[in-house]
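Use the sequences and the hints to build the structure in full.
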Amino acid sequence: MTVKTTHLGGTASGVVVGRVAHGLMTMHLRATELSDEICFASIKAGVDRLPPGVKMILNSGDFYSSTMGLQNVEMLGRFYAKYPEYADKTFLSVKGSVDVTAGIKPDCSIENMRKSVINIAKALGTHKKMDLFQPARVDKTMSIEEILNNLVVLVKEGHFAHIGLSECRAETLRRAHAVHPITAAEIEVSLTAYEAETKQVIATANELGIAVLGYSPVGHAMLTGKIQSVADLPENDWRRHFDRFQADNLQHNLSITSIIANIAAQKGVTQAQVAIAWVASLGQHVIPLPGSSASERTLENCAAGDVILSAEEIKALTAFAEAGAVKGARYGGAQEAALWG
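Sequential numbering of the sequence shown, starting at 1, is according to the UniProt record's numbering.
Since the hints were derived computationally from the structure, they do not count as laboratory data.
Note that CB positions come from ideal geometry on N, CA and C, so glycine has one too.
Do not rely on the hints blindly, as some may be mistaken.
Said to hold, decoys possible - No more than 35 Å apart at the CA atoms, straight line, and that leaves these computed lysine-lysine pairs for DSBU-like:
no.	residue 1	residue 2
1	K105	K129
2	K44	K89
3	K156	K226
4	K115	K140
5	K4	K129
6	K89	K226
7	K156	K105
8	K199	K226
9	K105	K44
10	K129	K44
11	K82	K140
12	K105	K226
13	K327	K315
14	K156	K267
15	K267	K199
16	K199	K115
17	K129	K140
18	K115	K105
19	K226	K4
20	K199	K156
21	K105	K315
22	K327	K140
23	K129	K115
24	K44	K4
25	K89	K115
Claimed, not checked - Restraint ranges, calculated between C-beta atoms of paired labels, are given here:
no.	residue 1	residue 2	range
26	S255	K82	39 to 47 Å
27	D88	E37	18 to 26 Å
28	R239	T141	22 to 30 Å
29	G332	A196	16 to 24 Å
30	K82	K122	14 to 22 Å
31	I118	M142	17 to 25 Å
Following this line, the structure appears as structure tokens:
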């Protein structure tokens, strides 16, 4: 059983959750989507590790599939229909409000966001309502105040109870929170994604009582020790388009991560668990959000929440992260332009 817990922020500050959340993207955003049986087992594995009364954060998106459709959310609808008792054991966060015909372009107009949340509700069915909705990216064509006012309208209409943001700057988070309490800010946080803005968002969230969901805490698997070259990625894998996974960049980035392997070996844990534990060490309000599509990986990720790093280990890992020696942008291209809204 997982021992450590934490809580969310904003309007969900009373919700106690597991120390590590569960991202569901890789179940369907892949060349061959996984069966319900595999997905259900992965979800249940994490939830069943938690003490009574503690919820598992499940993180989905209305474009999490190879066709940019609702397959991931539809799977959740079937999961809750089969296991209705798990509805109260989970806190469901869903991202949406993007124009998938334009390369996942943010569109936070009230019309598009309403369409998004209605489609999500239909896909989920009657056994579970999403707890938190967040625009997948901040729409830079609108003020954050206008976006929040639109989200508040949707809360009042009863589509969801809590509001989150994704890939937002610290200033944006502060302005948004002044309009309506923000429950969580989802940003990339890892030993290879620890920028000045990352630190500012974490500090601002702590000041305002907002949770931070740190996605990709293992650097899109770069920090796990399981990837040795681009050849280890499936032919259609989306990471092949990322700057950091281009051949020369990847070899450099893998060569500088020996500190993680050394600490993992000394502690008798996996490299992924060290990377996740470091993200958790950044604050009680920082919740690592690794993805998992297999039950054994879910269990490994959850167990990382109970890994205790020494002060010396945290210092060494933080020095590595702050050195910024990783080569390549986080994404590159149009996706990079949508970050830090």
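Structure-based check of each hint:
{"no.": "1", "hint": "K105 - K129", "verdict": "25 Å, holds"}
{"no.": "2", "hint": "K44 - K89", "verdict": "10 Å, holds"}
{"no.": "3", "hint": "K156 - K226", "verdict": "46 Å, violated"}
{"no.": "4", "hint": "K115 - K140", "verdict": "20 Å, holds"}
{"no.": "5", "hint": "K4 - K129", "verdict": "26 Å, holds"}
{"no.": "6", "hint": "K89 - K226", "verdict": "32 Å, holds"}
{"no.": "7", "hint": "K156 - K105", "verdict": "26 Å, holds"}
{"no.": "8", "hint": "K199 - K226", "verdict": "28 Å, holds"}
{"no.": "9", "hint": "K105 - K44", "verdict": "33 Å, holds"}
{"no.": "10", "hint": "K129 - K44", "verdict": "18 Å, holds"}
{"no.": "11", "hint": "K82 - K140", "verdict": "40 Å, violated"}
{"no.": "12", "hint": "K105 - K226", "verdict": "32 Å, holds"}
{"no.": "13", "hint": "K327 - K315", "verdict": "22 Å, holds"}
{"no.": "14", "hint": "K156 - K267", "verdict": "49 Å, violated"}
{"no.": "15", "hint": "K267 - K199", "verdict": "27 Å, holds"}
{"no.": "16", "hint": "K199 - K115", "verdict": "34 Å, holds"}
{"no.": "17", "hint": "K129 - K140", "verdict": "28 Å, holds"}
{"no.": "18", "hint": "K115 - K105", "verdict": "15 Å, holds"}
{"no.": "19", "hint": "K226 - K4", "verdict": "27 Å, holds"}
{"no.": "20", "hint": "K199 - K156", "verdict": "33 Å, holds"}
{"no.": "21", "hint": "K105 - K315", "verdict": "38 Å, violated"}
{"no.": "22", "hint": "K327 - K140", "verdict": "27 Å, holds"}
{"no.": "23", "hint": "K129 - K115", "verdict": "16 Å, holds"}
{"no.": "24", "hint": "K44 - K4", "verdict": "18 Å, holds"}
{"no.": "25", "hint": "K89 - K115", "verdict": "27 Å, holds"}
{"no.": "26", "hint": "S255 - K82: 39 to 47 Å", "verdict": "45 Å, holds"}
{"no.": "27", "hint": "D88 - E37: 18 to 26 Å", "verdict": "23 Å, holds"}
{"no.": "28", "hint": "R239 - T141: 22 to 30 Å", "verdict": "29 Å, holds"}
{"no.": "29", "hint": "G332 - A196: 16 to 24 Å", "verdict": "20 Å, holds"}
{"no.": "30", "hint": "K82 - K122: 14 to 22 Å", "verdict": "18 Å, holds"}
{"no.": "31", "hint": "I118 - M142: 17 to 25 Å", "verdict": "20 Å, holds"}
The earlier numbered hints that this structure contradicts are 3, 11, 14, 21.
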